[in-house]
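Enquirer: Starting from two chains that each stand alone, build the complex the way the hints lay out.
So the sequence lines, in the order shown, correspond to chains Y and G. If you use our numbering, the first sequence corresponds to residues 64 to 177, in order. If you use our numbering, the second sequence corresponds to residues 34 to 146, in order.
Read the hints as simulated data drawn from the structure, not as lab findings. Please note that the accuracy of each hint is not assured.
27 Å max Cα-Cα, derived DSSO-like pairs, lysine-lysine [said to hold, decoys possible]: (1) Y/K169 x Y/K131; (2) Y/K112 x G/K90; (3) Y/K169 x Y/K132; (4) Y/K132 x Y/K112; (5) Y/K131 x Y/K121; (6) G/K90 x G/K47; (7) G/K90 x Y/K169; (8) Y/K169 x G/K104; (9) Y/K121 x Y/K132; (10) Y/K112 x Y/K169; (11) Y/K112 x G/K47; (12) G/K42 x G/K90.
Distance windows between CB atoms, simulated [said to hold, decoys possible]: (13) Y/L119 x G/K47: 46 to 56 Å; (14) G/N34 x Y/Y102: 12 to 22 Å; (15) Y/P103 x G/L55: 35 to 45 Å; (16) Y/I123 x G/Q50: 37 to 47 Å; (17) Y/Q105 x G/L144: 14 to 24 Å.
Calculated Cβ distances over 12 Å to all of chain G for the following chain Y residues [claimed, not checked]: (18) V67; (19) V74; (20) V76; (21) L83; (22) R85; (23) N87; (24) S89; (25) T118; (26) N124; (27) E127; (28) E129; (29) F130; (30) E134; (31) H145.
Ideal placement from N, C-alpha and C gives every residue a C-beta, glycine not left out.
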Amino acid sequence: AQSVTQLGSHVSVSEGALVLLRCNYSSSVPPYLFWYVQYPNQGLQLLLKYTSAATLVKGINGFEAEFKKSETSFHLTKPSAHMSDAAEYFCAVSPNQAGTALIFGKGTTLSVSS
Amino acid sequence: NAGVTQTPKFRVLKTGQSMTLLCAQDMNHEYMYWYRQDPGMGLRLIHYSVGEGTTAKGEVPDGYNVSRLKKQNFLLGLESAAPSQTSVYFCASSPGTSVKTQYFGPGTRLLVL
Numbered sequence: 064a065q066s067v068t069q070l071g072s073h074v075s076v077s078e079g080a081l082v083l084l085r086c087n088y089s090s091s092v093p094p095y096l097f098w099y100v101q102y103p104n105q106g107l108q109l110l111l112k113y114t115s116a117a118t119l120v121k122g123i124n125g126f127e128a129e130f131k132k133s134e135t136s137f138h139l140t141k142p143s144a145h146m147s148d149a150a151e152y153f154c155a156v157s158p159n160q161a162g163t164a165l166i167f168g169k170g171t172t173l174s175v176s177s
Numbered sequence: 034n035a036g037v038t039q040t041p042k043f044r045v046l047k048t049g050q051s052m053t054l055l056c057a058q059d060m061n062h063e064y065m066y067w068y069r070q071d072p073g074m075g076l077r078l079i080h081y082s083v084g085e086g087t088t089a090k091g092e093v094p095d096g097y098n099v100s101r102l103k104k105q106n107f108l109l110g111l112e113s114a115a116p117s118q119t120s121v122y123f124c125a126s127s128p129g130t131s132v133k134t135q136y137f138g139p140g141t142r143l144l145v146l
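Isolated chain G (complex conformation) (with noise of 0.2 Å):
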């Protein structure tokens, strides 16, 4: 199993410009998140599923949108790239039930400019 893949690792952007990460998990998880991690702030929840077709807003969703049209890919993206978007980005996924733990994946660096 490869667990949580992210694709990207790293993108440069341009102020305006837009760009779709992509998380695929091959572990049939419920659940998928994406969080951005700042330095001094921890992570921070974006967007989360709780099941394919469904999206919901966490604590910073401004400026991203989310897509889940198949249970093993959440898709991330960025209409208009700001220079604040710059951060490392990690997917997440659990099976969504009893067991709560979380997988992360290896992360996307994005720099805005």
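Extracted from the complex, chain Y is given alone in its bound form (with noise of 0.2 Å):
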């Protein structure tokens, strides 16, 4: 069965240092994988996804992920942290099935301070 674990359930930085959370999965088959981020009170929303076009994503607000099969992991990386990244990042696994539910991790909650 597939998995994910985050690592850190809470994670803090300074405004303009490097954000970094971490997320490894267990999977037999190659994964699509995803990042999503929850703000306050909200839904989630998508971050990146990685579907096997390119080991290294991009995704919006500056984020960027990379999936590296020898260590299982898909960790979420952004270069700079602003206070609006303050938020719940959720990293998620799909099966390679079509339709089938999204396999979410317990998420990390990232502090940004000025």
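Expert: Structural data, given as structure tokens:
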């Protein structure tokens, strides 16, 4: 069965610092991988997705993630944090079947201090 | 396009009461999903539908029922609410083809007393 592990339920950074949110997945077949962001009292918004086209995926708001098969990882990064990046971030994996529901990690809350 | 909308945004129920949560999407998506979000648990799938008239159980289906009578609507019902069903409920939809991205609604906060 596929699963997702997000290391660290809470990450705190200073404004301007590097953001690194960790995600490891378990899958017996090449997966589709996603990062979603949830701002307070809102739904989930897609940040980026990996669909095997390129290992380095660029998303919205300056975020990017790199798929590393050897490490079964899909970590999310942003070179310079903004206050507006404070939110909860979810990594998700999709089994390689159309329409199957996403399997989510438990989420990482990002705090950004000035 | 409104995308995915959910009604109501917030509801308080007493134990044993029933209610229906409505999800609507205007993107002509084939697949729809209901998740619940609880602190520290991420999102867990309750039920999903791969097309009009079809539904299937997810990870945590007990205490919930669903219906997909129209392609654009996916209803989640609680027949006899319990405090353990206090949660935030999210509906999502996806095209259901090779595009696996799911699009989420704004959520419904449910408090069961």
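Enquirer: Each hint needs a verdict: does it hold in this structure or not?
Expert: Okay, the hints, checked on the actual structure:
{"no.": "1", "hint": "Y/K169 x Y/K131", "in the structure": "holds (21 Å)"}
{"no.": "2", "hint": "Y/K112 x G/K90", "in the structure": "holds (26 Å)"}
{"no.": "3", "hint": "Y/K169 x Y/K132", "in the structure": "holds (21 Å)"}
{"no.": "4", "hint": "Y/K132 x Y/K112", "in the structure": "holds (15 Å)"}
{"no.": "5", "hint": "Y/K131 x Y/K121", "in the structure": "holds (15 Å)"}
{"no.": "6", "hint": "G/K90 x G/K47", "in the structure": "holds (25 Å)"}
{"no.": "7", "hint": "G/K90 x Y/K169", "in the structure": "holds (21 Å)"}
{"no.": "8", "hint": "Y/K169 x G/K104", "in the structure": "violated (30 Å)"}
{"no.": "9", "hint": "Y/K121 x Y/K132", "in the structure": "holds (17 Å)"}
{"no.": "10", "hint": "Y/K112 x Y/K169", "in the structure": "holds (18 Å)"}
{"no.": "11", "hint": "Y/K112 x G/K47", "in the structure": "violated (40 Å)"}
{"no.": "12", "hint": "G/K42 x G/K90", "in the structure": "holds (24 Å)"}
{"no.": "13", "hint": "Y/L119 x G/K47: 46 to 56 Å", "in the structure": "holds (52 Å)"}
{"no.": "14", "hint": "G/N34 x Y/Y102: 12 to 22 Å", "in the structure": "holds (20 Å)"}
{"no.": "15", "hint": "Y/P103 x G/L55: 35 to 45 Å", "in the structure": "violated (24 Å)"}
{"no.": "16", "hint": "Y/I123 x G/Q50: 37 to 47 Å", "in the structure": "holds (40 Å)"}
{"no.": "17", "hint": "Y/Q105 x G/L144: 14 to 24 Å", "in the structure": "holds (19 Å)"}
{"no.": "18", "hint": "V67", "in the structure": "violated (8 Å)"}
{"no.": "19", "hint": "V74", "in the structure": "holds (15 Å)"}
{"no.": "20", "hint": "V76", "in the structure": "holds (21 Å)"}
{"no.": "21", "hint": "L83", "in the structure": "holds (19 Å)"}
{"no.": "22", "hint": "R85", "in the structure": "holds (15 Å)"}
{"no.": "23", "hint": "N87", "in the structure": "holds (14 Å)"}
{"no.": "24", "hint": "S89", "in the structure": "holds (15 Å)"}
{"no.": "25", "hint": "T118", "in the structure": "holds (18 Å)"}
{"no.": "26", "hint": "N124", "in the structure": "holds (17 Å)"}
{"no.": "27", "hint": "E127", "in the structure": "holds (17 Å)"}
{"no.": "28", "hint": "E129", "in the structure": "holds (19 Å)"}
{"no.": "29", "hint": "F130", "in the structure": "holds (15 Å)"}
{"no.": "30", "hint": "E134", "in the structure": "holds (21 Å)"}
{"no.": "31", "hint": "H145", "in the structure": "holds (23 Å)"}
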